[in-house]
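The listed protein sequences correspond, in order, to chains A and B.
Going letter by letter, the first sequence gives residues 1 to 299 in our numbering.
Going letter by letter, the second sequence gives residues 1 to 299 in our numbering.
Wrong hints could be hidden among the right ones.
Which copy is meant is left open, because identical chains are indistinguishable; a pair holds if it fits in one copy or across any two.
[Claimed, not checked] Below, computed lysine-lysine pairings styled on DSBU-like, alpha-carbon distance capped at 35 angstroms: (1) K28 to K249; (2) K238 to K249; (3) K110 to K238; (4) K224 to K67; (5) K253 to K152; (6) K97 to K28; (7) K238 to K97; (8) K15 to K224; (9) K28 to K3; (10) K97 to K3; (11) K64 to K3; (12) K110 to K202.
Worth flagging that the hints you see were computed from the coordinates, not collected in a lab.
There are 2 protein chains.
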Amino acid sequence: MTKIVQCIPNFSEGKNLTTINKLVEAAKSTASVFLLDYSSDENHNRSVFTLIGSPEGIEDVVIKLCKVARDNIDMTKHTGKHPRMGSTDVIALVPIKNVTMEETIKLSEKIGKRIYNELSIPVMLYANSAKNENRYNLASIRKGEFENMAKKLLKEEWTPDFGESKIHPTAGITAVGTRNPMIAFNVNLNTNNLEIANNIAKIIRGSSGGFKDCKAISLFLEDKNIVQVSINMMNYNKLPLYRVFEIIKFEAKKYGVTVLESEIVGITPGKALVDSAIYYLQMNNFNYSSQVLENYLFD
Amino acid sequence: MTKIVQCIPNFSEGKNLTTINKLVEAAKSTASVFLLDYSSDENHNRSVFTLIGSPEGIEDVVIKLCKVARDNIDMTKHTGKHPRMGSTDVIALVPIKNVTMEETIKLSEKIGKRIYNELSIPVMLYANSAKNENRYNLASIRKGEFENMAKKLLKEEWTPDFGESKIHPTAGITAVGTRNPMIAFNVNLNTNNLEIANNIAKIIRGSSGGFKDCKAISLFLEDKNIVQVSINMMNYNKLPLYRVFEIIKFEAKKYGVTVLESEIVGITPGKALVDSAIYYLQMNNFNYSSQVLENYLFD
Numbered sequence: 001m002t003k004i005v006q007c008i009p010n011f012s013e014g015k016n017l018t019t020i021n022k023l024v025e026a027a028k029s030t031a032s033v034f035l036l037d038y039s040s041d042e043n044h045n046r047s048v049f050t051l052i053g054s055p056e057g058i059e060d061v062v063i064k065l066c067k068v069a070r071d072n073i074d075m076t077k078h079t080g081k082h083p084r085m086g087s088t089d090v091i092a093l094v095p096i097k098n099v100t101m102e103e104t105i106k107l108s109e110k111i112g113k114r115i116y117n118e119l120s121i122p123v124m125l126y127a128n129s130a131k132n133e134n135r136y137n138l139a140s141i142r143k144g145e146f147e148n149m150a151k152k153l154l155k156e157e158w159t160p161d162f163g164e165s166k167i168h169p170t171a172g173i174t175a176v177g178t179r180n181p182m183i184a185f186n187v188n189l190n191t192n193n194l195e196i197a198n199n200i201a202k203i204i205r206g207s208s209g210g211f212k213d214c215k216a217i218s219l220f221l222e223d224k225n226i227v228q229v230s231i232n233m234m235n236y237n238k239l240p241l242y243r244v245f246e247i248i249k250f251e252a253k254k255y256g257v258t259v260l261e262s263e264i265v266g267i268t269p270g271k272a273l274v275d276s277a278i279y280y281l282q283m284n285n286f287n288y289s290s291q292v293l294e295n296y297l298f299d
Numbered sequence: 001m002t003k004i005v006q007c008i009p010n011f012s013e014g015k016n017l018t019t020i021n022k023l024v025e026a027a028k029s030t031a032s033v034f035l036l037d038y039s040s041d042e043n044h045n046r047s048v049f050t051l052i053g054s055p056e057g058i059e060d061v062v063i064k065l066c067k068v069a070r071d072n073i074d075m076t077k078h079t080g081k082h083p084r085m086g087s088t089d090v091i092a093l094v095p096i097k098n099v100t101m102e103e104t105i106k107l108s109e110k111i112g113k114r115i116y117n118e119l120s121i122p123v124m125l126y127a128n129s130a131k132n133e134n135r136y137n138l139a140s141i142r143k144g145e146f147e148n149m150a151k152k153l154l155k156e157e158w159t160p161d162f163g164e165s166k167i168h169p170t171a172g173i174t175a176v177g178t179r180n181p182m183i184a185f186n187v188n189l190n191t192n193n194l195e196i197a198n199n200i201a202k203i204i205r206g207s208s209g210g211f212k213d214c215k216a217i218s219l220f221l222e223d224k225n226i227v228q229v230s231i232n233m234m235n236y237n238k239l240p241l242y243r244v245f246e247i248i249k250f251e252a253k254k255y256g257v258t259v260l261e262s263e264i265v266g267i268t269p270g271k272a273l274v275d276s277a278i279y280y281l282q283m284n285n286f287n288y289s290s291q292v293l294e295n296y297l298f299d
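Model the full structure from these sequences, guided by the hints.
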């Protein structure tokens with residue numbers, strides 16, 4: 001049974017095409033790894049890659065990518081809107097098929113160790129790979145950003161998981177973590193009143209008392225003159241799409257507002273949508289792994 | 001890109017375990033073919049197998065299966081509730097992945113030719129493989145069953161597509177056809193009034209003026225003391241599950257009856273359920289092939 005892992009590395013370069021192309025080349029250099037998607041944001045000065053492949057292939061490609069980033073991105077000269085602390089800022093790993101969370105955490109540790117040993121960039125483990133609670137949240141690790149990292153690492157609580165307590169002079173420090181698949185899910189409302197989207201985002205997101213596995217913000221979409229509840233679904237197995245969608249519809253009703261439509265940005269596991277179909281079709285005895293044809297098409 | 005075809009052969013044996021085991025053995029004898037499922041019905045005296053694999057693998061396995069059936073099932077001694085005309089009664093082929101309907105029709109012709117050339121069993125092509133309209137419907141071909149086939153084949157309009165105008169003395173005649181994936185979809189109603197299920201089945205099924213790609217009957221489920229609308233969805237790309245489900249709910253309302261639950265029997269392509277999720281979640285710009293992760297996991 002082929003093991004499949006997803007890997008989402010973020011690089012602190014969103015403008016220089018020469019560097020971006022070198023990263024793309026490295027991402028495509030291993031037969032057992034497939035580059036699903038990559039996108040660069042000039043404002044953020046940042047690029048996000050999405051890869052899938054065998055654990056060994058992903059390990060190989062990540063080391064190559066980090067070397068390209070280290071040798072081509074100088075963090076002492078980097079500006080951009082998005083918070084960042086390294087040339088390879090963060091690497092997220094996600095178990096996809098025939099691989100457990102535990103195995104993926106081990107892979108993240110192997111990768112972290114190699115990034116320091118072979119490229120001299122210190123590494124912090126975050127999310128499910130974190131060794132203590134205050135490193136679970138990437139934002140806490142990254143706080144202070146590249147410019148303040150040298151000082152931050154000297155504090156005992158911020159000793160890197162791999163490497164000495166000092167940043168790489170131009171590549172900074174990299175976070176490596178393991179998490180469940182995340183789905184970027186947006187719901188557009190038939191109003192331009194941002195307060196309504198904001199109130200609904202507050203109701204559903206975990207940090208303000210809503211669903212633990214839901215992150216949500218409100219946005220005004222200028223081109224459409226409507227507002228959006230923009231959601232990160234952090235664990236679709238525990239918190240299905242339909243539940244969040246129906247609560248948004250229900251709360252919007254209070255203001256006489258309807259849902260215009262929803263969207264998934266980028267890639268989603270098919271099961272996340274199948275789970276919602278099963279709810280709406282009242283299909284209480286459906287067995288995903290044995291009844292969905294695609295599950296037999298590859299092992 | 002690996003081509004994948006599904007194959008559903010039906011054999012006129014549902015009791016004799018020695019024969020059924022020989023068929024299972026033959027079904028598992030080729031590396032590139034996977035036996036998804038098989039079930040035998042004693043009342044029908046019939047077994048249905050579901051295989052997936054490469055077109056070449058399926059061709060190879062089907063010939064082996066037809067030989068086992070020919071050598072172990074004597075139609076002159078066969079009784080059972082289900083209509084039948086041969087030891088291998090019917091073989092349905094379904095294009096699944098990286099293969100067109102046209103290629104699958106060609107495969108059905110290749111298989112039909114080999115069944116006659118190598119096993120001396122005449123073959124009729126049906127469904128999308130049919131060479132004329134009156135052979136599209138399997139029931140028309142099979143009318144008269146094994147006992148009347150020798151006479152029927154002498155009529156010009158029923159000359160076999162492969163073979164002479166006479167049945168194999170013990171194995172009869174086999175139908176080979178190509179069709180879209182079919183989904184067996186049942187909806188249970190919160191009533192034991194069979195007339196209500198019957199009225200709804202009439203409304204939705206194509207043969208009585210409903211949806212062209214829908215076959216439906218009503219059933220009384222004795223163990224649960226409720227009625228069921230039992231549906232074959234013949235083309236889920238044209239007629240999605242949610243549309244049939246919602247109309248059943250809507251028509252049941254007329255009688256003050258609700259839908260208890262629905263079920264899919266056996267295997268379904270994941271896309272059929274994803275399509276329904278997209279409707280309920282109002283996800284108008286979703287692209288199945290580029291946004292569903294599983295589509296990248298195998299080529």
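We went through each hint and held it up to the structure:
1. K28 to K249: Classified as neither; 42 angstroms inside a copy, 50 angstroms across copies.
2. K238 to K249: both (20 angstroms within a copy, 28 angstroms between copies)
3. K110 to K238: within (29 angstroms within a copy, 48 angstroms between copies)
4. K224 to K67: This pair counts as neither: shortest intra-copy Cα distance 41 angstroms, inter-copy 64 angstroms.
5. K253 to K152: neither (47 angstroms within a copy, 66 angstroms between copies)
6. K97 to K28: Both ways: K97 and K28 sit 21 angstroms apart in one copy and 25 angstroms across, limit 35 angstroms.
7. K238 to K97: Answer is both: 18 angstroms inside a copy and 31 angstroms across each meet the 35 angstroms cutoff.
8. K15 to K224: The answer is within: 27 angstroms in one copy meets 35 angstroms, while 65 angstroms across copies does not.
9. K28 to K3: Classified as both; 19 angstroms inside a copy, 24 angstroms across copies.
10. K97 to K3: So K97 and K3 pass the 35 angstroms test inside a copy (6 angstroms) and across (21 angstroms) alike.
11. K64 to K3: both (21 angstroms within a copy, 33 angstroms between copies)
12. K110 to K202: neither (38 angstroms within a copy, 62 angstroms between copies)
In the structure shown, a violation is registered for the earlier hints numbered 1, 4, 5 and 12, in ascending order.
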